[in-house]
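What follows is each chain in one-letter form.
Number of protein chains: 2
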Amino acid sequence: MRGNGLSAFKRYLPILDWGRDYDRGVFANDMLAAVIVTIMLIPQSLAYALLAGLPAQMGIYASILPIVLYAIFGTSRALAVGPVAVVSLMTAAAVGNVAQQGTPEYVTAAITLAFLSGVFLLGLGLFRLGFLANFLSHPVIAGFITASGIIIATSQLKHILGVKASGHNLLELLVSLFGQIGAINWTTFVIGAAATATLFWVRKGLKPLLTARGVKPRMADIAAKSGPVAVVAITTFIAWAFSLAEHGVRTVGTIPQGLPPLTAPSFSPDLWASLVGSAVLISIIGFVESVSVAQTLAAKKRQRIDPDQELIGLGMANMGGALTGGYPVTGGFSRSVVNFDAGAETPAAGAFTAMGLLMASLFLTPLLYHLPQATLAATIIVAVLSLVDFSILKKTWAYSRADFAAVSVTILATLGLGVEIGVTMGVALSVLIHLYRSSRPHMAVVGQVPGTEHYRNVLRHDVITDDRILTLRVDESLYFANARYLEDRIYDMVAARPKLKHVILMCPAVNEIDMSALESLEAINERLKELGVQFHLSEVKGPVMDRLRRCDFFSHLNGKVFLSQHQAVHTLVAETEAAAAE
Amino acid sequence: MRGNGLSAFKRYLPILDWGRDYDRGVFANDMLAAVIVTIMLIPQSLAYALLAGLPAQMGIYASILPIVLYAIFGTSRALAVGPVAVVSLMTAAAVGNVAQQGTPEYVTAAITLAFLSGVFLLGLGLFRLGFLANFLSHPVIAGFITASGIIIATSQLKHILGVKASGHNLLELLVSLFGQIGAINWTTFVIGAAATATLFWVRKGLKPLLTARGVKPRMADIAAKSGPVAVVAITTFIAWAFSLAEHGVRTVGTIPQGLPPLTAPSFSPDLWASLVGSAVLISIIGFVESVSVAQTLAAKKRQRIDPDQELIGLGMANMGGALTGGYPVTGGFSRSVVNFDAGAETPAAGAFTAMGLLMASLFLTPLLYHLPQATLAATIIVAVLSLVDFSILKKTWAYSRADFAAVSVTILATLGLGVEIGVTMGVALSVLIHLYRSSRPHMAVVGQVPGTEHYRNVLRHDVITDDRILTLRVDESLYFANARYLEDRIYDMVAARPKLKHVILMCPAVNEIDMSALESLEAINERLKELGVQFHLSEVKGPVMDRLRRCDFFSHLNGKVFLSQHQAVHTLVAETEAAAAE
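Heads up: the sequence lines are chains A and B, in that order. When the letters of the first sequence are read in order and numbered with my numbering, they come out as residues 1 to 582. When the letters of the second sequence are read in order and numbered with my numbering, they come out as residues 1 to 582.
Misleading hints may appear alongside valid ones.
Unchecked claim - Where chain A lies over chain B, by a calculated footprint (3+ residues, C-beta under 8 Å): (1) 399-413; (2) 431-437; (3) 470-478.
Claimed, not checked - Subject to a maximum C-alpha distance of 27 Å in a straight line, what follows is the list of computed BS3-like cross-link-like pairs (lysine-lysine): (4) Lys216/B <-> Lys204/B; (5) Lys529/B <-> Lys560/A; (6) Lys529/B <-> Lys395/A; (7) Lys225/B <-> Lys164/B; (8) Lys560/B <-> Lys395/A; (9) Lys529/A <-> Lys499/A.
Just so you know, the hints here were simulated from the structure itself, not pulled from any lab data. Every residue, glycine too, gets a C-beta built ideally from N, C-alpha and C.
Same shape as in the complex, but just chain A (with noise of 0.2 Å):
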């Protein structure tokens, strides 16, 4: 009893399982991932809360608390929780209905918002309902990244080029930034592709240079995840030194400082009931994200996550935001990244990231003044153009066109309508196709495979057959969606083979025969009946025959239960030539 409290209690907490082994060299990655990601996420936290409508400073409070609480409840090592881009829209809209931008109502309901988002995803993580997450097929979170890496990589180059641009789909930020390129500022443009090319320079080509001079890999690779950090000071001193603000390049500048403080949501039910549906959206959307994102980076390193943990994790993140001035958050896509690169090795790292934000709204942000928000921009751009791979549409084409369906549609509908419809579409398609594939199961004529007690489909193999028997191999379950073809086949089967005395359905691939299959079975047999035909079935599985047992089928059935089709052709041979020989 008591191993089963302390397991129960590590899985709730996965902090006890990374955090025993937890040592210097980690703490060092960990802390200069923090480092790195809070320089990245004061400035990138204040853009999504005002995206929300919110005051700035609430980005950061959404940033703190959070992380924390997801670095003892989750399980992903690297992801990053936060205010992110869909989220904050999503949270505009929402809020936008129920109180006016700019009035304390709009903030409470904000943070209602994340109240009730929180509740409804620890819910699910506890009824253990993470398993929807599985009906992200690879492919589509693969086209799913690949689209998202390409619209927020695009959504940046507005700050590249110094011009003002918007949109939520490739299509709406192409036409925004086309109408702008009158309007480059070309000194922002020069700060931005320097910052951009020298940062790819440092992931690609810094270390392969370094450890070719003799230096050590260890110090290679430390070099290389700094040069994000050197870029922005680098950026930084230019900009103060050459007042480049006064020559059109825009900076971060003054960042509101402070403690988060404690809130409370309301408890209105009307409140409540306005923003229940919204909530329950929000939560969906934000898993979906975070959790693509968690498996990406936990495959790359093979780790696993849990999708059931993970909504406790994300649940508790978002009560814990709504008590400290938060609004939703989720596992963020482009700070993961930045968090996974720059060497998170565990969640501590998010501890840290939350300790440096704390402490840079209180002391550091005077610094960040001058920092132009084109580095930004190409920290993300570089950050999330790494994970942009269209090699699964050449794998999947080669492999499987319904896989290619489901992918190619994930990245046109994520990139042309945004990601919250291409994501559903790529799910919803990979749905239907599986469901499709189902309701037309293969089906094979089978027959001995001499000298064996085998029998396989006779298009296939040379196999002995009988024209007073058919078996009929059914590779599916029998489920409402197949139950008529089922019949259907059978009927047009026995009509083309007038010598016919037995049917037998051979299921080692029947998992399982619902009540419309049943249902199909029993006019089966009582057709074939009429046409003097037996109805036999062999090879049933275990749980199939504990349920058929527990309805009157068999005592309809007219004919036999095998256990092995071998025995079935045996029997029947036997008894078909006794009959004649009468």
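Fit chain B to the supplied structure of chain A, relying on the hints for placement.
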């Protein structure tokens, strides 16, 4: 080429098939059936139009051109197309959302709904998508029809009581009716209750009574079927003779005399957007009802119907209805059974019925002025209560809790939330349950049944196993929803068996391996290789092998692929022992 053209032509025009052999005997049978069906249809069509909230004559219009078009394009020989109870109820629910009953907009919306439904059905038929109807499982259909029957019967109580009440679900209807208890018109109630009782008695008691008194079964049958017409005639006469309209008994009133009018659907994008979802639901429900009636009747005469061509027939019927003042129609159960029992041999019987209704529309409608609406309500109540059948609950409870859950949710949601939500929830739950099940597939560790070449579950059979070889039989296709689960199970099993040298994945039930599952198999292969365990496959199906050969899986595979499980164990035991002996 010419032959192909002709055969394609014949496929889309089944009339060319049966029309060729038409002779005087068939004509006489068809004509007799048409007379009986016409007599039955007149009151029924009026009643269903009122149920849909439409002017009574639209029920007749909806029975004329649609019947003729179905006769040309449909494949069932006995199906009678026209307004039916469930579709009329769904029409009322859909159109009631966009327009006020009694307005011209309401009528236009109903006509537009028929048009959209026709376009959708035709599209499904031309693209051969009839399989979509299979996603309505038998229990969901049974539950939906039962719940709809209860709602329809309850909705007609207001006519029996002579009060006004409304609502699209049971609760709304009951609340509305109870609120009107003080307003009951007792004259109406007497007429309505007497008509209901008489119709029940005619349906259940008349035929046995007549047969017992020596009347021939065929005549007794015709007498029983004429019951509704007699009740209509008698109550109409009473209402006229005693001027019951002056006592508050609502009658059908003036029905315009004449040919069905030419009408056109609205092409307003807003109206289309509001109706398209309902049109899809109505089409699918109508198609499923129609096709199951058609298949039942076809089976009785060893005929077959083609579901995709049925879609075309019903699509044309609905578009025809939209052009001639009708509303959504489908193949009705009771009218088709009457048509079949009355001896209809070809779809020409339907055309003759259409002519009969045309005559009625031209000449008989003035006679129906005094027909009490309570009588029509009684007709509907008696007809739909035969659809109410709760035995599906008992049957599914015994057989499968998943099906029981689906049917319970369908019934409760239909009663409590209305027809559209009810059927949608039933279908969604069926699909979710199916997906959930296949995401946690049944897997069995198997061993050799002594003295045979068969391998069965170690938990269910007394089998021979070897602690160096683990054979896992997966009883499901491998795809995105269960790929991760498979990985987890294999890693757990391998971790618990230190002596293990070989893992065999036995695949007789694996009908598909999608891209996600392929990536999981590659991951399993890599992981086992690191652990010094070989990974083998056995009994892989032909189509699955074909697909795996298309990618480089086999070049990485750290083991072999065996045709049979027996061969796998035989080979691996020999290899392992040879290695141990060295």
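The hints, checked one at a time:
no. : hint                  : verdict
1   : 399-413               : holds (count 4)
2   : 431-437               : holds (count 5)
3   : 470-478               : holds (count 3)
4   : Lys216/B <-> Lys204/B : holds, 17 Å
5   : Lys529/B <-> Lys560/A : violated, 45 Å
6   : Lys529/B <-> Lys395/A : holds, 23 Å
7   : Lys225/B <-> Lys164/B : violated, 31 Å
8   : Lys560/B <-> Lys395/A : holds, 23 Å
9   : Lys529/A <-> Lys499/A : holds, 15 Å
Hints 5 and 7 from the list above are not met by this structure, while the remaining hints are.
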